[in-house]
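> Single-letter residue listing:
There are 4 protein chains.
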Amino acid sequence: MIVVIRPGTPRAQIDEVIAEVQKLGYDPRPIFGTEQTVIAAIGDERTHHTLESLTVMPQVERVLPVQKKHKLVSRESHPANSTVNVDGVVIGGEKFCVMAGPCSVESEEQLMTTAEAVKAAGATILRGGAYKPRTSPYEFQGLGKDGLALLAKAKERTGLKIITELLSENHVEHVAEVADIFQIGARNAQNFQLIIAAAKTGKPVMLKRGLSERIDEWLLAGEYLLAHGNANLMFCERGIRTFETYTRNTLDLAAVAIVKKESHLPIIVDPSQGCGRADLVRMMCRGAVALGADGLLIEVHPNPAEALSDGQQQIDFAGFGKLMAELKPFLAAAGRTL
Amino acid sequence: MIVVIRPGTPRAQIDEVIAEVQKLGYDPRPIFGTEQTVIAAIGDERTHHTLESLTVMPQVERVLPVQKKHKLVSRESHPANSTVNVDGVVIGGEKFCVMAGPCSVESEEQLMTTAEAVKAAGATILRGGAYKPRTSPYEFQGLGKDGLALLAKAKERTGLKIITELLSENHVEHVAEVADIFQIGARNAQNFQLIIAAAKTGKPVMLKRGLSERIDEWLLAGEYLLAHGNANLMFCERGIRTFETYTRNTLDLAAVAIVKKESHLPIIVDPSQGCGRADLVRMMCRGAVALGADGLLIEVHPNPAEALSDGQQQIDFAGFGKLMAELKPFLAAAGRTL
Amino acid sequence: MIVVIRPGTPRAQIDEVIAEVQKLGYDPRPIFGTEQTVIAAIGDERTHHTLESLTVMPQVERVLPVQKKHKLVSRESHPANSTVNVDGVVIGGEKFCVMAGPCSVESEEQLMTTAEAVKAAGATILRGGAYKPRTSPYEFQGLGKDGLALLAKAKERTGLKIITELLSENHVEHVAEVADIFQIGARNAQNFQLIIAAAKTGKPVMLKRGLSERIDEWLLAGEYLLAHGNANLMFCERGIRTFETYTRNTLDLAAVAIVKKESHLPIIVDPSQGCGRADLVRMMCRGAVALGADGLLIEVHPNPAEALSDGQQQIDFAGFGKLMAELKPFLAAAGRTL
Amino acid sequence: MIVVIRPGTPRAQIDEVIAEVQKLGYDPRPIFGTEQTVIAAIGDERTHHTLESLTVMPQVERVLPVQKKHKLVSRESHPANSTVNVDGVVIGGEKFCVMAGPCSVESEEQLMTTAEAVKAAGATILRGGAYKPRTSPYEFQGLGKDGLALLAKAKERTGLKIITELLSENHVEHVAEVADIFQIGARNAQNFQLIIAAAKTGKPVMLKRGLSERIDEWLLAGEYLLAHGNANLMFCERGIRTFETYTRNTLDLAAVAIVKKESHLPIIVDPSQGCGRADLVRMMCRGAVALGADGLLIEVHPNPAEALSDGQQQIDFAGFGKLMAELKPFLAAAGRTL
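Protein chains in written order, with this note's numbering: chain Y, 1 to 338; chain A, 1 to 338; chain P, 1 to 338; chain L, 1 to 338.
Keep in mind that the hints are not guaranteed to be accurate.
Which copy? The list can't say, so a pair holds if one copy fits it or any two copies do.
[Unchecked claim] Subject to a maximum C-alpha distance of 30 Å in a straight line, what follows is the list of computed BS3-like cross-link-like pairs (lysine-lysine):
1. LYS69 to LYS260
2. LYS145 to LYS71
3. LYS145 to LYS69
4. LYS23 to LYS322
5. LYS328 to LYS260
6. LYS23 to LYS145
7. LYS23 to LYS68
8. LYS68 to LYS203
9. LYS260 to LYS71
10. LYS155 to LYS119
Don't read these hints as lab results, they were simulated from the structure.
Could you put together the complete structure from these sequences and hints?
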């Protein structure tokens, strides 16, 4: 860390800071500049006490951390790309992965027809929420265990793998019976207890970015999974909250390139949540492919206008078929295959 | 809801929308304007299917909700201010409530000296984290049950009530043994399962605003508590995430006036998290009082420079004493007493 | 507009609002719902007084505008794509347009070598700032007229068209002598006097999006140009300001698809400003092409480490050559040629 | 500046960076840490080339500036508070300054009655826009010179000083004939040419914060004024743009305390723009006083519901009178007088 001393601080007060840096376990190296003095604090920032608390000393102007805090998820720790094997479907390799299905599981007919349709168009993983985190307590909260049973049935019938949201530490066991991938949603992006509970199962986890989570924080949330012994992690960019109101969220496609650079783990893009508008999904999928994403998570519904949740961002079967067909030249340009 | 039809849409396509509005349970009333047609959909938006899904129809330009979604927390449902009685300490009435204490419980000595100091200066509730949600898995995660035991001891010794963070549904029972108020933190602001679990105890809950939670969403998260039978709710403004980097968060003091206007429930302000800088806490407390807050949550530590978490935003005993003394004329101006 | 009346308002107070709506020039149509009353105000919102001022009446809860405010820039007013002809280089058609060059014009050698290099790699327009809006008055402010003279020389030598920033109404005349396109930067995105001054020349204008400008506001800033008689407008997405600190800005690629949908005018993407990091430029260019952008604005410098402004986001000649080569399959996938 | 070298970089590549630091005019001091190497670059960052461009070298991870860039506006350069004397009305001293009046000058009657009313309630400066920057070209753009003439008349009749917005470099001369203070608005917050033009007159300038301007950037925009010889500067916090939609902007009251700490110059708060809602103005004024603001800028209109611009945020005469009366105990608590 670098401790920046306020200009004009007398030497005795600089020495107080030096002493405090030493007391907190670092080797202090003061550098007396022409305008300002800084103290470089030598030591591993990840294992030592942070020095940011020193800003309460009036002579300290700022403290600048030097090291990145993430370790196991970092590209440095594992220079090659890693892949996640979801019961035979490999994510993060040359093959591009499409996960598709309804926002919420609503009925057997809805789910089965959707599963068949997305499989036919090239998806290998079926998405569908059984437990739904809804902004209002008066909105449809998902079918719960009945929804999970329908997902199990769809899996059996189509061979598609299942991704579904994990909302509660108390659901881990029974959701694990059906899910091939646990989805941890944006609202639980820093629910570390939930991440730790998911880690313990050893199952693949897809960790969505929080609504206003910086990329360094997102990587660190993922670090919780690896630090608790589960390396089957993939990140999912799903848009961040900004001032723009045309879209529900601002899909931060740069995050795809950044996660690829900073981490060895796969990254998926969710354009449905990312924009919150069905009419933008197709174009955003192209962008995600061009930026190097390893897969997509797309909401598909037989009749979006009557969907029980987030109908405005779901596309129908014809739209999904068209999207998949149009994606091919972009996948080829990016060196990926379906 | 108001369904806005795209300009130039032929009548037959407008009729399709009218039919769909009816099918989804509303009474449709088209209004043919000079420039644009809108369909007013008559019905209770809180109990009916949302019509936002109609935007997937190409002739629908936008859907504008009319009603507010929150009910039990709303000022309309309970025109007078409500108060929360924390084992004799009443929050939301004429008496202003100061909650103070360390960010994390670190040791017996740290906690006891702090408890005595904040009590002497006028606080009635002791804060202290036993379970800490930390951005990195390598940071201090709190003393857990040992921390709770120390809080129980401090309560016994000083008579202060205890507020401490609830991080996990699985902690509800043993945290409830010590806590007089459950604090639900910003990262769990929309962890509805946790809110429901807390609701079931009937205990007072202080619900912090999420990092990028709109006020309407925050009110609805509170609605989960009341809808699950627990009306002992207070809100806590603790800053929102913006582009500004001078402060850790932007404390949105307008939210105090807005919550007071939209809801009957008490609101507390946390200037420590709100700014993330000890040097701003004193001034932000004055602002909170002037805006009509019912209380403050302030981080106090015997030696902030050596605190195990968030030292940069904690103030020492002398600073806290000064703050409390200087607050008095502002409390008087706002018609409040300590 | 839709005027939403507060629930429980007595009829006499509703009538007051109706009278006011009429007084302000609209035809009021009240709709008495089961939960709430709304008044639909019939009339052209773009030519009438806005009714948002009615929210000062205590019985008015909200006012919801129905119409979009932009007219001449809208897709409705001109269903086909329009193109901008820059002295023979057509922007917005099948041919994709690459504008490249240094952030600032620094010297003859710097500019000439860059012009030759970007031309060789396929650019048709040379960018280079002669007047630079810099955050601090102590930073390099550009070469001014000397910079313009160098741009004129580079144009003569290479045949590249010139785009350069217009900072001041007082510069219009002499910048117009050299510039083929006026660039209006993010800081002046709502400097309407400058837009009007540029409009009067009839020259093509590239209007960057402001740091926190919503898309509807950006379209309206463009509307100023068309309303003042100049239809040679192209928009430029250059990133918006968010809480994320890894990148300088968050490049909002969805904006490309949205502008294409809402407007008939071309849109350019600036990945250099958009990310503020040279290492991300290549990937963001791919995304821009995939999303349907009509062109790119890329900062290229012979030696970015020693650039006088924004070196961190400029790429060198080799990097630019590689970028252009790698872009080709994506251009082909998007149905565009260089 | 501190140049952070990527972990594991071989010595030869570190030496390249050292050489480049030296070439760019700094004295490089490498510090070889246990985990990472940093190079402290000794030299005045405000007069030297920025080293941020070094991030284009692959071995450089980040560059951390150490010094603050602002100089003349800084508290360090002028430890005491400075005041601005507006033709006898002193801003920044013990006396608190209230500026009030309509958003736009609309008519003689409107302006004169408002001027009398705000004077009677305690305002000493009359605000009123003659030139209005409006989001849409089809909205009321202000009365221009006729508006200025009315402001001159109101000044003559009431003795109030005048503050009005300066929109264009070409307006400086004739606006200066009437205005006692130039207001530079949020949209022109980084229109440095306009700031320089205003500086040259020597007149007091009130510089509003941009919609998404960080405080360090705002201070630097103010630095342009002082660096061009005009020290009659006051800042004006008017809300920043965030994701929150209940209010038009988020009034950042912490900015008041921060500007007071970082700078010696006065700061005014504009709660009308800051919230965009008349019903919040009163409470936000209290907060501004409590935080230590030197004055307020309040929009007052005889009949807000029929105002030609921003009616929703204007208060009427009775509301203004009540606001001023209620403010008194808070002013007393803050040690200020009217």
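> Does each hint fit the structure? Answer for all of them.
Against the structure, the hints:
1. LYS69 to LYS260: within (17 Å within a copy, 34 Å between copies)
2. LYS145 to LYS71: This pair counts as between: shortest inter-copy Cα distance 29 Å, intra-copy 37 Å.
3. LYS145 to LYS69: Cα proximity of LYS145 and LYS69: across copies only (27 Å, versus 38 Å in one copy).
4. LYS23 to LYS322: between (64 Å within a copy, 28 Å between copies)
5. LYS328 to LYS260: Both ways: LYS328 and LYS260 sit 22 Å apart in one copy and 22 Å across, limit 30 Å.
6. LYS23 to LYS145: For LYS23 and LYS145, only the inter-copy Cα distance (28 Å) is at most 30 Å; the intra-copy one is 54 Å.
7. LYS23 to LYS68: Classified as both; 23 Å inside a copy, 28 Å across copies.
8. LYS68 to LYS203: Within. Shortest intra-copy distance 27 Å satisfies the 30 Å Cα cut-off; inter-copy 40 Å does not.
9. LYS260 to LYS71: within (15 Å within a copy, 40 Å between copies)
10. LYS155 to LYS119: within (11 Å within a copy, 55 Å between copies)
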